[in-house]
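*Asks:* So the protein sequences, as listed, match chains H and A.
Residue numbering for the first sequence follows the numbering used here, beginning at 1 and increasing consecutively.
Residue numbering for the second sequence follows the numbering used here, beginning at 1001 and increasing consecutively.
Rather than coming from a laboratory, the hints here were simulated on the basis of the structure.
Any given hint could turn out to be false.
Unchecked claim - Only part of the chain H face toward chain A is listed, based on derived beta-carbon distances under 10 Å:
hint : residue
1    : Asp110
2    : Gln123
3    : Ser183
4    : Gly184
5    : Tyr188
6    : Arg191
7    : Thr220
8    : His225
9    : Thr286
10   : Gly312
11   : Leu315
12   : Ala324
Stated by the list, open to error - Chain A regions said to be covered by chain H (calculated; three or more residues, Cβ under 8 Å):
hint : stretch
13   : 1115-1128
14   : 1240-1248
Since the structure is predicted, the reported quantities are computational estimates derived from the model, not experimental observations.
Ideal Cβ positions, reconstructed from N, Cα and C, are used throughout, including at glycine.
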Amino acid sequence: MLRPLTLGPLMLCLCLATPAMADFPETLRQHILPGYAAFAVATADLAQAAQQDCDAVALRPAFQAAFDAWIGVQHLRFGPVEVDGRGLAIQFWPDPKGAGAKAQRGLLLDDAAALTPDHMAEQSVAARGLSGLERLLYPADPLPADPCALIRATAADLAQTAQTVNDAWLVGYAETLLTAGESGNTTYLTRPEARQALFTQVITALEFLQDQRLGRPLGTFDAPHPERAEARASGRSLVNIRLSLHSLRAMVATLSPDVPKTMAAFDHAIALAEALDDPVLAGVATAQGRLRVEILQQAVTALRDTALAELGPELDVGIGFNAADGD
Amino acid sequence: MSNRRLALFASTALAAATLSQPATAATPAEVVTTYADIAEAAYGDSLTAAIGLQGAVEALIAAPSEQSLAAARAAWIAARPSYQQTEVYRFGNAIVDDWEGRVNAWPLDEGLIDYVDPAYGQSEENALSALNVIATPHFTLSGAAVDASTITPELIAGTLQEAGGIEANVASGYHAIEFLLWGQDLNGTGPGAGSRPFSDFVQGDGCTGGNCDRRAAYLQAATTLLVADLTEMAGNWAEGGAARAPLEADPAAALAAMLTGMGSLSYGELAGQRMRLGLMLNDPEEEHDCFSDNTHNSQYYDGLGIQNVYLGHYIRADGSTVSGPSLSDLVAQADPAVDTRLKAELDASVAALAALKVAAEAGMAYDQMLAPGNAEGEALIMGGVEALVTQTASIQRAMLVLGLTAASFEGSESLDNPAAVFQ
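Go ahead and model the full structure; you've got the sequences and the hints to work with.
*Replies:* Take a look at the structure:
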């Protein structure tokens, strides 16, 4: 007789590795919904931990776990996360003008009693979310005031946003996606439109990896910018790249069972990222270190091109318009 | 500006579909001609208005006064509607996108050009953000000495524009001129635009802000450059021009470029970068025309330009009309429901942007709408954003029914040079 409970997680893994079927409903059930649920739990844990003890060092593990969970879904820039700029409020990055630090400074000096979750929700997205918390939990310089109230308010606001997004998927948007092409669905008039939306997320996310997570610190050979790496203060620049590649690979596996070149390109990029020993990409400022990051970037570019050439036709869709089309 | 490129592929479905239409039906070639004719007219109107601005700037420099400054500002405002209606040509036409940064780059670190308020500070990402070229005839750029003792169009275009490879170093174009005419808007999300005094251009005694001769030279040089740049682009759309010819040579690819321009401007650029982001940051510096508080007009005419391309219809600055067979005709032939829906959605986005314009003209400037807690302003902006996002999905559908796909790529090294990937 089987021992079902203990085998549960293993069976789930097997299912993910070789889905019996693969199409956008599987992506929803196996990737999107579990991802947002995990993110809501992780941010709730962080908010609860902050209520109990807002010591920055003590909170760091919960912060790291919440960030890990976010990278599991960060590449999904459509649906509930696009409403009211929730995605930006969860993580505002890049922030080339330092808008977050500026806005947050005002809040730090405010009356702590004013820092209610509702008040936080009205603030600039640059001051909120994971980027806001990172500046409070890993400050580069001593903070101008006791951050405890702001840490609690920011963590509570983040958990609320994560919960709102998760709820919106569960009670509405999951249905919108699943009923693509059915009468009454005004968002996705056909099933291919739903596939195209997900395909566009994959390609856009790979471009974000290439241009932002890798491209910003790389800068140019003459002017590298290691200080522009994502989540540098919390030491997560490379972790985010690795987790993002893993998340995207898992998502693609749910979309189509038969894209061997794309999977091989994922594996190549993941192997390079795992082998890279440069947690905050500081090496971009040295000739040798730069080369390694550039090789990873080229692998991501190749992966994107492979996915465009193989996954798109496999799903029978082309790339759609996306939020990164602007300048 | 990013150099995001759009590679356009057209399937044979388009040709098959159009061949089967009755003789009176619009053809892709005719539709492309209308598109190019509108571009030629709109860039021509932009050039005419820029020449008007140049005259007003010369009058301001010759005799600075409240009146001559007001006239130059009015000429700048009058130069925007035609130009903004051309923005839809940028995405999808590489020749426009490559050039666009010279004339309409935004946002800018204006401290590169002239004096700024002490609160402006120094950008962490741009060492030149507070250079103040007008006050600095000699400086070092990337280790090399720069002689800026004479401010010329060549200095602005060749040395200052995107200096150090940093996009925020915007030295030329409408927004550099806007900054010189208005100065910084220090009112945050409160009422009021930039309030540079005319005396900033007074030569000799009475000069305020210092270096009035160099400020006048900068303004004159930047305006000269704008006229030259617009002359170039208007020429590109004339018969046989470098922008028009390749589109006419491949009408199916041109149709994809037209729809790509509509969708990219609607969604990523206008709804995303220019509207929603500023609202989410509550940041008045995130408005497109941040010195003059003319953002409502820039956004309205962007939206109108999108509609122009679809309907094949443009009202020129002199009131005359350019029109012809349109994308709408082609889409209606392929799938009337998609056409009807997209036309209605374009009407709705133009109406939403018009509502925003009306509110701004009635006294609630765009930067005031960005204030935290301004629910009415937020609703106006989000009304525009939602309408633009909605129409993007239909633009995508229009591509599909015409048998077109657009694939974006940028500097695709692995395609251009496969060996580079594994070096």
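*Asks:* Each hint needs a verdict: does it hold in this structure or not?
*Replies:* Verification of the hints:
At about 13 Å, the closest approach between the beta carbon of Asp110(H) and any beta carbon in chain A exceeds 10 Å, and the interface hint on this residue is violated. At about 7 Å, the closest approach between the beta carbon of Gln123(H) and any beta carbon in chain A falls short of 10 Å, and the interface hint on this residue holds. Given the 10 Å rule on beta carbons, the hint for Ser183(H) is violated: about 13 Å separates it from the nearest Cβ of chain A. The criterion of a C-beta within 10 Å of any C-beta in chain A is not met by Gly184(H), whose closest approach is roughly 15 Å, and the hint is violated.
At about 9 Å, the closest approach between the beta carbon of Tyr188(H) and any beta carbon in chain A falls short of 10 Å, and the interface hint on this residue holds. Nearest Cβ of chain A to the Cβ of Arg191(H): about 13 Å, over the 10 Å cut. The hint is violated. Contact between Thr220(H) and chain A, as hinted, is supported at the beta carbon level, the nearest pair being about 6 Å apart and thus within 10 Å. For His225(H), the shortest C-beta to C-beta distance to chain A is roughly 8 Å, which falls under 10 Å, so the interface hint holds.
Because the beta carbon of Thr286(H) sits about 18 Å from the nearest beta carbon in chain A, more than 10 Å, this interface hint is broken. Against a cut-off of 10 Å between C-beta atoms, the interface hint on Gly312(H) holds, since the closest Cβ of chain A lies about 8 Å away. The beta carbon of Leu315(H) comes no nearer than 12 Å to any beta carbon in chain A, farther than 10 Å, and the hint placing it at the interface is violated. For Ala324(H), the interface hint holds, since its Cβ comes within 10 Å of a Cβ in chain A; the closest pair sits about 6 Å apart.
Requiring three or more residues with a Cβ within less than 8 Å of a Cβ of chain H, the coverage given for the stretch 1115-1128 of chain A holds, as 3 such residues are present. Counting residues of the stretch 1240-1248 of chain A whose CB lies closer than 8 Å to any CB of chain H gives 0, which falls below the minimum of 3, so the coverage claim is violated.
Checked against the numbered hints above, the structure violates hints 1, 3, 4, 6, 9, 11, 14; every other hint is satisfied.
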